[in-house]
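Chemist: Those protein sequences? They're chains A and B, same order as listed.
Taking our numbering, I'd label the letters of the first sequence as residues 1 to 345.
Taking our numbering, I'd label the letters of the second sequence as residues 1 to 252.
None of these hints come from the bench; they were simulated from the model.
Ideal Cβ positions, reconstructed from N, Cα and C, are used throughout, including at glycine.
Among the clues, some could well be false.
[Stated by the list, open to error] Some chain A residues well away from chain B (every beta-carbon gap over 12 Å; in silico):
# : residue
1 : R32
2 : P39
3 : S197
[Said to hold, decoys possible] If you want a taste of the chain B side facing chain A, the calculated C-beta under 7 Å gives, among others:
# : residue
4 : R2
5 : R60
6 : R140
[Said to hold, decoys possible] FRET-style restraints, in silico, Cβ to Cβ:
#  : chain 1 : residue 1 : chain 2 : residue 2 : range
7  : B       : L14       : A       : A267      : 50 to 56 Å
8  : B       : P162      : A       : E342      : 43 to 49 Å
9  : A       : P71       : B       : H12       : 38 to 44 Å
10 : A       : A222      : B       : E189      : 30 to 36 Å
11 : A       : R172      : B       : P197      : 16 to 22 Å
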Amino acid sequence: MRVGQRPRMRLDRRGVEAVPPAAMVAAEPAPRRRVVAEPAYLIFAVAEAEGGRLSRHERQVLGAARRLADPGGGAVVLVAPSLAEDAGAAGADRLLSLAAAERYDLEAATALLAAAAARYSPRHVLFAENEGGGDLARRLAARLGAPFAAGVEALSAREAVCPCRARRAELRLAPPFLLSLAPDRAAPHVGPAHEASPLDPPAAGAVRRGILTAAPLPVTAAEVPLAEAGLVVAAGNGVKDFAGFLRLCSALGATPGASRVVCDAGAMPRAAQVGASGTVLDALAYVAFGIAGAPQHLQGLGRVEHVAAVNTDIHAAMIARAELAIVQDARRVMPALLALLEAGG
Amino acid sequence: MRAVVLLSAGRHPLSARPAPVPVEMQAIALARGLGADVAGLHAGAPDLAVREALGQGMDRVTVLRIGEADDAVAALAAALAADPPDLVLAGNRGRGGEDSGLLPYLLAEALGWPIAANAVALAAAAEGLAVIQARARGARWRLVVAPPAVVTVHPAAPPALPFAYARARRGRIEEQEGRSAPLVPRVAEERPYRPRPRVIGVAGGGSAAERLRAATEVAGGGRVLVDPPPEEAARELLAWLRALGFSRSADE
Ligand SMILES: Cc1cc2nc3c(=O)[nH]c(=O)nc-3n(C[C@H](O)[C@H](O)[C@H](O)COP(=O)(O)OP(=O)(O)OC[C@H]3O[C@@H](n4cnc5c(N)ncnc54)[C@H](O)[C@@H]3O)c2cc1C
Ligand SMILES: Nc1ncnc2c1ncn2[C@@H]1O[C@H](COP(=O)(O)O)[C@@H](O)[C@H]1O
């Protein structure tokens with residue numbers, strides 16, 4: 001009997017042609033950038049790129065833009081103020097840096113976007129449906145009088161689906177010019193990086209002024225609700241000095257969190273509990289001091305992209321989950337980190 | 001100061017009965033907090049949800065009667081331009097209609113007024129009205145807008161005033177004929193809502209093996225430092241945080 005002559009059939013529900021395992025090992029070509037030289041049309045993906053990085057939600061917007069671009073030979077244009085990281089890896093064929101002179105100037109940003117849309121005539125413009133992206137999308141929709149689908153939950157080149165009537169009904173329509181995508185409704189781009197070549201920014205149009213000033217408010221991280229926080233530093237059973245832990249959090253500008261054991265013991269308030277029976281985080285980064293990483297705790301990290309852990313046990317599940325794992329006593333690392341911050345880092 | 005709160009015909013998400021939209025009730029509370037004279041405005045048919053708003057801090061609601069197929073923006077803009085208040089407050093999303101949150105923007109554009117979105121607090125400022133705006137990840141911005149302006153309210157704003165039955169009885173609803181302008185119907189099919197699974201990790205992309213790995217290990221391939229001196233561990237952590245853009249935090 002001859003077994004293993006042909007690769008075993010693999011079930012892949014995406015409907016994409018399955019790659020047999022043998023071919024996966026054999027051909028690992030040098031990383032090449034995919035180039036869409038003569039795009040049939042353009043799809044704009046607008047990102048705020050806070051801190052020069054794309055958020056998870058913004059990567060999903062780029063992934064959705066790829067789904068609109070790929071079937072017809074279109075190109076994805078990432079429209080963002082400025083970017084420190086590689087936009088090509090996130091699926092951008094072109095990069096349009098649109099920076100208003102003032103970062104917080106929403107009216108100038110709207111005028112710039114309108115000018116870019118006029119100059120490049122994209123087929124669709126996609127936004128992330130959150131406080132910032134949703135605001136910009138609606139400003140542009142009202143300015144251009146263009147059709148807009150809000151909080152799209154399913155998107156393909158043929159149709160967009162968005163909820164309405166208190167989420168008791170949904171609208172199915174051909175994707176309109178402007179769309180905002182709800183979080184976690186599209187997969188980010190994976191696979192080969194795209195070219196991300198720069199496009200010329202358009203000349204700024206006239207700005208109608210009604211917002212006189214705009215600036216971020218300093219919010220102390222401890223006041224931010226855990227579910228909304230960008231950086232969470234959490235303490236588990238391995239932490240004993242909670243006064244020192246809270247000092248460290250405030251020095252880092254992090255929102256304090258804790259495991260259930262710590263909250264049960266009363267060392268931290270219940271509101272700080274991360275996990276299945278506590279809060280599920282939407283943070284960009286999470287640092288765990290002395291937390292084992294029980295499944296109920298890890299459920300609270302479902303959406304966190306970057307995790308670091310300090311634990312004495314190299315076999316702890318938290319160490320396996322972490323992008324930066326430090327096997328060391330948290331009671332020694334925490335004061336060292338605080339000292340480093342107080343010395344000006 | 002005069003404030004107008006835009007009221008929509010809200011529906012309860014479970015029972016589908018007429019029910020005021022929570023953010024619009026929060027908007028009334030914000031306007032009352034400014035010490036403004038507050039009135040409600042609704043374009044459409046007189047609705048039970050709009051009547052209930054009377055019990056939550058308002059004595060007067062004007063209903064601009066327009067047909068089903070008429071454009072609410074045209075009716076609201078005509079009424080507001082005829083007797084402009086200092087401030088128009090709206091919910092950031094409706095609950096019961098198309099719920100796109102676009103109406104306040106279209107209205108601001110039609111009136112030529114500025115709009116500030118997602119307010120969680122309002123205060124009088126020297127040059128105008130200060131709006132504290134909710135941004136993603138718990139951040140807050142402070143905007144100053146020149147009145148008259150449209151401001152939408154975010155669910156993180158302070159809670160609505162308690163419902164007062166006597167007040168609801170006492171309140172008046174005035175009906176007027178609204179400016180009727182036909183709405184361009186959009187080509188869309190409406191059907192019952194179908195919940196769809198959310199996308200996690202890289203699901204939907206990459207090979208089956210990549211997706212399995214993403215679902216089970218999530219991060220994977222991390223850097224492990226075994227027994228580093230605590231000072232080195234601290235430096236590594238800080239460098240990692242800085243690389244993620246958390247650098248300014250210490251000096252704030
Ligand atoms: C129904 C149910 C719901 C639950 N919901 C939650 C929830 O929402 N959130 C939650 O967190 N838990 C939850 N739990 C509890 C969870 O199962 C774990 O018991 C809990 O998360 C463990 O917390 P811990 O990691 O802090 O403590 P431990 O399990 O005691 O782990 C402590 C860790 O710290 C390390 N350590 C010890 N000393 C040091 C040191 N000096 N330096 C560095 N590391 C050190 C140890 O190696 C160990 O890994 C739930 C449990 C159940 C049954
Ligand atoms: N027919 C209407 N009359 C008055 N205000 C409305 C009407 N429809 C919507 N609004 C306001 O606009 C906000 C956003 O609604 P929408 O754009 O439908 O999501 C609502 O919270 C209301 O404040």
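Chemist: None of the hints should be skipped; say for each whether it holds.
Modeler: To see whether the hints hold, each was checked on the structure:
| no. | hint | in the structure |
| --- | --- | --- |
| 1 | R32 | holds, 17 Å |
| 2 | P39 | holds, 21 Å |
| 3 | S197 | holds, 23 Å |
| 4 | R2 | violated, 18 Å |
| 5 | R60 | violated, 26 Å |
| 6 | R140 | holds, 4 Å |
| 7 | L14(B) to A267(A): 50 to 56 Å | violated, 39 Å |
| 8 | P162(B) to E342(A): 43 to 49 Å | holds, 47 Å |
| 9 | P71(A) to H12(B): 38 to 44 Å | holds, 40 Å |
| 10 | A222(A) to E189(B): 30 to 36 Å | violated, 48 Å |
| 11 | R172(A) to P197(B): 16 to 22 Å | holds, 18 Å |
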